[in-house]
Amino acid sequence: ETGVTQSPTHLIKTRGQQVTLRCSSQSGHNTVSWYQQALGQGPQFIFQYYREEENGRGNFPPRFSGLQFPNYSSELDVNALELDDSALYLCASSLGPLDTDTQYFGPGTRLTVL
Amino acid sequence: AQSVTQLDSQVPVFEEAPVELRCNYSSSVSVYLFWYVQYPNQGLQLLLKYLSGSTLVESINGFEAEFNKSQTSFHLRKPSVHISDTAEYFCAVSDRDSGAGSYQLTFGKGTKLSVIP
Numbered sequence: 001e002t003g004v005t006q007s008p009t010h011l012i013k014t015r016g017q018q019v020t021l022r023c024s025s026q027s028g029h030n031t032v033s034w035y036q037q038a039l040g041q042g043p044q045f046i047f048q049y050y051r052e053e054e055n056g057r058g059n060f061p062p063r064f065s066g067l068q069f070p071n072y073s074s075e076l077d078v079n080a081l082e083l084d085d086s087a088l089y090l091c092a093s094s095l096g097p098l099d100t101d102t103q104y105f106g107p108g109t110r111l112t113v114l
Numbered sequence: 001a002q003s004v005t006q007l008d009s010q011v012p013v014f015e016e017a018p019v020e021l022r023c024n025y026s027s028s029v030s031v032y033l034f035w036y037v038q039y040p041n042q043g044l045q046l047l048l049k050y051l052s053g054s055t056l057v058e059s060i061n062g063f064e065a066e067f068n069k070s071q072t073s074f075h076l077r078k079p080s081v082h083i084s085d086t087a088e089y090f091c092a093v094s095d096r097d098s099g100a101g102s103y104q105l106t107f108g109k110g111t112k113l114s115v116i117p
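Protein chains in written order, with our numbering: chain A, 1 to 114; chain B, 1 to 117.
No wet-lab data here; the hints were simulated from the structure. Treat the hints with caution; some may be incorrect.
As the list claims (entries may be wrong) - Residues of chain B clear of chain A, computed beta-carbon distances all greater than 10 Å: (1) 17; (2) 22; (3) 42.
Claimed, not checked - Pairwise CB distance ranges, derived in the manner of DEER restraints: (4) B:18 x A:80: 48 to 58 Å; (5) B:42 x A:53: 26 to 36 Å; (6) A:51 x B:117: 46 to 56 Å; (7) A:102 x B:84: 33 to 43 Å; (8) A:79 x B:55: 37 to 47 Å; (9) A:59 x B:8: 20 to 30 Å; (10) B:39 x A:67: 24 to 34 Å; (11) B:72 x A:58: 17 to 27 Å; (12) A:100 x B:42: 17 to 27 Å; (13) A:9 x B:77: 30 to 40 Å.
Even glycine gets a Cβ: it sits at the ideal position worked out from N, Cα and C.
Taking the hints into account, I'd like the entire structure generated from these sequences.
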């Protein structure tokens, strides 16, 4: 069973640019959640996708958006980047969207906004 | 709204000594509780979780945590730590009765455990 992978590992962008981060879930996992982890903080929930539809969202503006594909891959898109968007972005996959479904995390993408 | 407080940002401890990492949560509803561990340059890994039943839960590598509803705590303990336990530990909570068919984990800020040889 393969784990959760993310790409790229590191990324540097400038303010105002757009970025796409990618995640490959474990096979059979139809739910993916995205988290933002700022330096020195715990991860914060951005949103969750279940069977290719958004299925819950945290306190993040609409410029954070996502896609989930049938092949267990997903994307997090951030438009109009701001300096405060600099963080580690984590995706987590699970069999389903229930509280009892364990989330398996990828290693993250480190985004730096200059 | 839920919140998680991890009272210690860093905990140094000598090898083979016991350790306790503290976690308190605030929630207006019933919750599920989790501990995740993050080794350097790696993603979060689930260490243990409390869903229901016995309030004492154990992991395969010797950690245990006890759910205390009256004190709204879920402290993590290990009787004897090893060098390999050096990592950052995150306590997390989810709403047991979200009803929306989705759930989000609310994390604490983490506790860095450093095991000293």
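>> Of the numbered hints stated earlier in the document, which are not met by this structure?
In response: Hints 3 and 7 are the ones this structure does not satisfy, whereas the remaining hints hold.
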